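**Q** Here are the chains, one letter per residue:
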Amino acid sequence: MAKKIWVVLQQKDGKLHRMSREAIVAGQRLAHATGGSVEAVVLGSGVAEAASEAASFELEAVWKADHEALGTYTPGAYISALAAAVSSAKPDFVLFPHTYQSVDYFPRLAHQLEAGLLPEVTEMDASTGELQFKRPVLGGKMTATVRVKGEGMVLLSVQSGAFSVDDAVAGSCEVRDLDLAGTPITADRVLLGVEEVGGDQVDLSKAEVVVAVGRGVGGADKMASVEELAELLGAEIGASRPVIDNGWLPRDRQIGSSGQTVAPKLYLAIGISGAIQHLVGMKASSVVVAINKDPGAPIFTVADYGVVGDLHEILPALNEAIREARA
Amino acid sequence: MRIAVCIKQVPDTEARLRLGKDGRWLDEEDLPFVINESDEYALEEGLALAEKTGGEVVVFSLGPARVKDALRKALALGASKAVHLNDEAFANGDAQATARALHAAISRDSFDLVLTGSQSDDVGYAATGSVLAGHLGWPHAWLVMGVEVEEGGEALKVIREMESGMNEIVRLPLPAVLEIQAGINHPRYASLKGIMKAKRKPQEQLTAADLGLDASSVGAAGSRLEILSVAFPESGAGAQIIEGTPEQAAKSLVEKLQKEARVL
Numbered sequence: 001m002a003k004k005i006w007v008v009l010q011q012k013d014g015k016l017h018r019m020s021r022e023a024i025v026a027g028q029r030l031a032h033a034t035g036g037s038v039e040a041v042v043l044g045s046g047v048a049e050a051a052s053e054a055a056s057f058e059l060e061a062v063w064k065a066d067h068e069a070l071g072t073y074t075p076g077a078y079i080s081a082l083a084a085a086v087s088s089a090k091p092d093f094v095l096f097p098h099t100y101q102s103v104d105y106f107p108r109l110a111h112q113l114e115a116g117l118l119p120e121v122t123e124m125d126a127s128t129g130e131l132q133f134k135r136p137v138l139g140g141k142m143t144a145t146v147r148v149k150g151e152g153m154v155l156l157s158v159q160s161g162a163f164s165v166d167d168a169v170a171g172s173c174e175v176r177d178l179d180l181a182g183t184p185i186t187a188d189r190v191l192l193g194v195e196e197v198g199g200d201q202v203d204l205s206k207a208e209v210v211v212a213v214g215r216g217v218g219g220a221d222k223m224a225s226v227e228e229l230a231e232l233l234g235a236e237i238g239a240s241r242p243v244i245d246n247g248w249l250p251r252d253r254q255i256g257s258s259g260q261t262v263a264p265k266l267y268l269a270i271g272i273s274g275a276i277q278h279l280v281g282m283k284a285s286s287v288v289v290a291i292n293k294d295p296g297a298p299i300f301t302v303a304d305y306g307v308v309g310d311l312h313e314i315l316p317a318l319n320e321a322i323r324e325a326r327a
Numbered sequence: 001m002r003i004a005v006c007i008k009q010v011p012d013t014e015a016r017l018r019l020g021k022d023g024r025w026l027d028e029e030d031l032p033f034v035i036n037e038s039d040e041y042a043l044e045e046g047l048a049l050a051e052k053t054g055g056e057v058v059v060f061s062l063g064p065a066r067v068k069d070a071l072r073k074a075l076a077l078g079a080s081k082a083v084h085l086n087d088e089a090f091a092n093g094d095a096q097a098t099a100r101a102l103h104a105a106i107s108r109d110s111f112d113l114v115l116t117g118s119q120s121d122d123v124g125y126a127a128t129g130s131v132l133a134g135h136l137g138w139p140h141a142w143l144v145m146g147v148e149v150e151e152g153g154e155a156l157k158v159i160r161e162m163e164s165g166m167n168e169i170v171r172l173p174l175p176a177v178l179e180i181q182a183g184i185n186h187p188r189y190a191s192l193k194g195i196m197k198a199k200r201k202p203q204e205q206l207t208a209a210d211l212g213l214d215a216s217s218v219g220a221a222g223s224r225l226e227i228l229s230v231a232f233p234e235s236g237a238g239a240q241i242i243e244g245t246p247e248q249a250a251k252s253l254v255e256k257l258q259k260e261a262r263v264l
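Residue numbers (this note's numbering), protein chains in the order written: chain A, 1 to 327; chain B, 1 to 264.
For reference, chain B alone in the conformation it holds in the complex (with noise of 0.2 Å):
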């Protein structure tokens, strides 16, 4: 199966987190970036499902110039080629801002499915790959925790999370988008042969341009969806914080709980 597995640089939500100047946004200065999450998840289904079946992973990623960073390591775990769609245009758009220029740069090559991950650790929508679905006219399913390709390569076995600790499995035929939950496999890890032969691998930049797209129909100019301003949760809406050493606090929290929430 040729396979393109679309994956997102996000902020490390385990950083120190601060606020920019303009209020709309993290400030990404000194910001550590990450593969998301369920992008990694997606990305080992991606190259698990090549190898049994002898096919490839094509990566596609969206965003500035340090996305180059998550696509080397996608080449460094075993994808075959890189395609960044690198243009100030594509920037702050939404889902389907996002998925209008992601199409475009997948349906310029051929693909038998196409992975994502369930949901960013920044901007969370949860749509992309399902209007990038919808783009391709593809059947989809969203928050994918199993995939097996049935017997004669045309449709699969997906296994689907639903609420409380239910699973429902379903068929799809191919082609097909599935998007990939965190938990479905054990991401592998990068081989220093793997990091070397990455440098020979081929890797693709592309502009809205590129793709014949009116910079006006991607980005934050081709989204309806417009983030104002961005907050913190306000400080004192909830826990009493407890002071002092790690034994006072210990000491302070079990007097709390026997003589106030009287539930020790």
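Looking at chain A on its own, in the form it has when it is part of the complex (with noise of 0.2 Å):
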């Protein structure tokens, strides 16, 4: 049976997050799947061009909810708005981008709808006759392939990169108001502020070589061949979350998705196991070399180059290479 399917996107003064662009994608190919429909919903207070940019994909309809007790967002007023909408719209899926946001209120939306709840979709596949989907599963050295079960309604979000763009197929459709008179939206918690982690950042957005450590580096006290391999590339060093945490090394050299994106011409991935929220701020690297001693890392799947094995005997070796094919 053909499915409708929604997909929610998320939007900040007027302009739509990638990951919305990329969720859209993921609904043209669910909706390829299953022969159904796409309709997109954009939220929030002044999002006509962000709506407007939504409807130059190819789908059915691009809903708008603008009003302004959705200009800041709390999980309380998109949920009050959503559980309206797609209680009267009913359709089968509800795709939402895996934002920092999104996980936020969606998994409770699921709840007050009493629908299914999928989160962290990276694949969809119907070719057995019935939808599974994949998902990261063990901090990305695994993934699941699961089904729902039962009848009704699913929320799923879509991981980020799991869905290419440049596959989005272009198209041209009406942008309609949502009705929510007589929906009351109401916010659950009040915004007092937004601020800057750490302050000064270190900018390694602008980096040509970053050598990234990770929680195989083993302590504050092992960096020393990591520096030195980073003096002599002339790199900036950067990190993945388990470091920072581990106070290790200052929040601002973080790199995923909750620091730093960047995109050098060299990436040298150190003792990173490779968790999807590490790879989303580092996989746009030109070569990214991955030194780990489990061979099974994630991060072998993204790298160019990989060497298996203790880092604290191969970086002295490598430091030693590169000064020896310097001289």
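Any given hint could be a false lead.
[Said to hold, decoys possible] Cross-link-like lysine to any residue pairs, in silico, SDA-like; alpha carbons within 25 Å at most:
#1 A:Lys293 <-> A:Val209
#2 B:Lys251 <-> A:Gly234
#3 A:Lys206 <-> B:Val254
#4 B:Lys259 <-> A:Leu232
#5 A:Lys293 <-> A:Val280
#6 A:Lys134 <-> A:Gly152
#7 A:Lys15 <-> A:Arg176
#8 B:Lys251 <-> A:His312
#9 B:Lys21 <-> B:Ala91
#10 A:Lys3 <-> B:Glu226
#11 A:Lys134 <-> B:Arg24
#12 B:Lys256 <-> A:Arg326
#13 B:Lys199 <-> B:Asp210
#14 B:Lys256 <-> A:Ser286
#15 A:Lys4 <-> A:Thr183
#16 B:Lys68 <-> B:Pro187
#17 A:Lys15 <-> B:Ile169
#18 A:Lys283 <-> A:Thr122
#19 A:Lys265 <-> B:Ser252
#20 A:Lys293 <-> B:Thr13
#21 B:Lys256 <-> A:Leu232
#22 A:Lys293 <-> B:Ser252
#23 B:Lys251 <-> A:Asn319
#24 A:Lys265 <-> A:Glu231
#25 A:Lys4 <-> A:Asp177
#26 A:Lys15 <-> A:Ser52
#27 B:Lys157 <-> A:Gly71
#28 A:Lys265 <-> A:Thr301
#29 A:Lys12 <-> A:Val190
[Stated by the list, open to error] Here chain B is said to cover these stretches of chain A; the calculated rule only asks that three of the stretch's residues, wherever they fall, bring their Cβ under 8 Å from a Cβ of chain B:
#30 108-114
#31 234-245
By construction, these hints were calculated from the structure, which means they are not laboratory data. Bear in mind that the values here come from a model prediction, so they are computed numbers and not experimental data. Cβ coordinates follow ideal geometry from the N, Cα and C atoms, glycine included.
With the hints as a guide, bring the two chains together.
**A** Written as structure tokens, this is what we have:
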């Protein structure tokens, strides 16, 4: 049976979030697999521009919920608006970009709608006659194939980078206003402010070479060969989240979804296993080298060159080899 | 404040992971288990808030017999009571089924605050706390990097992590559910005294029947989401692996970066 698919788009200052466009692609793919149709929803205050951007994709319609009470995101406000809209339109699937905003509220919306909940989808497949999805588990070390049992709506989120905007089907559709009259929109928290983490940010995005360290380095006192490598290459030092959480490097060195995004010519991942949250911050790098003791580490799936072994043995050898090559 | 902290025991992902016989999950034989990373931070945050406000922490965990180790550790760190949701019927639940069971257990008592980690390091749904908040009808925040009780004790000032190195600061009325992000604090270590005291602290075991829950509403039976199989990433999809001793590999890597990739 043809499925009705909704994609809830995240926008900021009238612009669609990059992952919103990827979620549209996922919606188009799901529609193609199920013979269904896709509609998009944009929430906020002053979202006409974002809605017309969405209308440039092949969609059945774009619904615009332009409301003062949705100007500042709170889970309560978004859930009250979406619960009303989704309950009356009754889509089979509601897709969300797997952003920090969506993940904050869509599980609770699923609970309220008594809908199925499927977070962090990276692939969809209908070839077996049954819809199956893939999602990362165990910090990205393995991939699970899952299905949703039973009847009724499913809310799912689409992981960053899993669907490429290059695959989007362009089109043109009507922007319609979502009728929110009679829907009380209630904020459940108050936004007091927004702050930059770490104040004086080191800008890693301009670096041509990045040497990034992960948990595998083992401690703040074990960084000497890393620092030497960075100096030899004229590189900036970055890190994955556990290094920052352990206090081995300051937070402004963090690369990944909650840190900085980098795209250097050369990226060396040292003792980084490669959780998806890290990969989204570095996968635009031109050449990636991974050094890790675990041959199953997901970082090797995005790396161009890999060395499996103890980084504390490999790094001194690598520093020596670079010095020799330059001599 | 009376604080409930939900912790989960997960496989140590640093350990060597092997696929189970049925291909649906890991082979758990000899697999080391630890307290989920963000849950350890949630527990520390709960203990610190309880100390500051003169309250106590009750720790909840759902899982098989091995979960007792995680609960014992939480008691040694300073929780005053442990509640173990221990029933075969609870196994392999999705976020919604697990939240249903946790809600039934938590609502037998009265709390001002419920803390969970932001995401489990095994299935990683990042949703159980939010769904639990839905059951309780309390406000919630996911990915919390700071908590401060406001004067008067009726609201919290919470720092929430956003993308691209930004945080937002929000005010939530109490009672509330907070899903704590790793890195918010520095978890303490258990003292010998703590470990000794833990032995005398109350530990409760609860089954689905104890909670008045139908076995079909929890665990795998009560879940819409079903894991059909798990797999390691396809090998060969990606890196060219450079073999040899560290010296040989390093030399060969430098050559490739110079001549093949032309980035050195």
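**Q** It remains to establish, for every hint, whether it holds in the given structure.
**A** How the hints compare with the structure:
1. A:Lys293 <-> A:Val209: At roughly 22 Å apart (the allowed maximum being 25 Å), Val209 (chain A) and Lys293 (chain A) satisfy the hint.
2. B:Lys251 <-> A:Gly234: This hinted pair holds, its Cα atoms lying about 19 Å apart.
3. A:Lys206 <-> B:Val254: 23 Å, holds
4. B:Lys259 <-> A:Leu232: Measuring from Cα to Cα gives roughly 18 Å; hence the hint holds.
5. A:Lys293 <-> A:Val280: 22 Å, holds
6. A:Lys134 <-> A:Gly152: Judged against 25 Å, a Cα distance of about 20 Å means the pair holds.
7. A:Lys15 <-> A:Arg176: 18 Å, holds
8. B:Lys251 <-> A:His312: 16 Å, holds
9. B:Lys21 <-> B:Ala91: 18 Å, holds
10. A:Lys3 <-> B:Glu226: 20 Å, holds
11. A:Lys134 <-> B:Arg24: 13 Å, holds
12. B:Lys256 <-> A:Arg326: 14 Å, holds
13. B:Lys199 <-> B:Asp210: Satisfied, since the Cα-Cα distance of roughly 24 Å is no more than 25 Å.
14. B:Lys256 <-> A:Ser286: Holds, because 14 Å separates the two Cα atoms, which is no more than 25 Å.
15. A:Lys4 <-> A:Thr183: 23 Å, holds
16. B:Lys68 <-> B:Pro187: Within the cut-off at roughly 20 Å; holds.
17. A:Lys15 <-> B:Ile169: 23 Å, holds
18. A:Lys283 <-> A:Thr122: At roughly 15 Å apart (the allowed maximum being 25 Å), Thr122 (chain A) and Lys283 (chain A) satisfy the hint.
19. A:Lys265 <-> B:Ser252: Within the cut-off at roughly 19 Å; holds.
20. A:Lys293 <-> B:Thr13: With a Cα-Cα distance of about 13 Å, the restraint between Lys293 (chain A) and Thr13 (chain B) holds, given a limit of 25 Å.
21. B:Lys256 <-> A:Leu232: Cα-Cα ~17 Å, so holds.
22. A:Lys293 <-> B:Ser252: 18 Å, holds
23. B:Lys251 <-> A:Asn319: 10 Å, holds
24. A:Lys265 <-> A:Glu231: 16 Å, holds
25. A:Lys4 <-> A:Asp177: 19 Å, holds
26. A:Lys15 <-> A:Ser52: 10 Å, holds
27. B:Lys157 <-> A:Gly71: Holds. Lys157 (chain B) to Gly71 (chain A) sits at ~21 Å (cutoff 25 Å).
28. A:Lys265 <-> A:Thr301: Given that 25 Å is the threshold and the Cα spacing comes to 18 Å, the pair holds.
29. A:Lys12 <-> A:Val190: 18 Å, holds
30. 108-114: holds (count 4)
31. 234-245: holds (count 4)
The structure agrees with every numbered hint stated previously.
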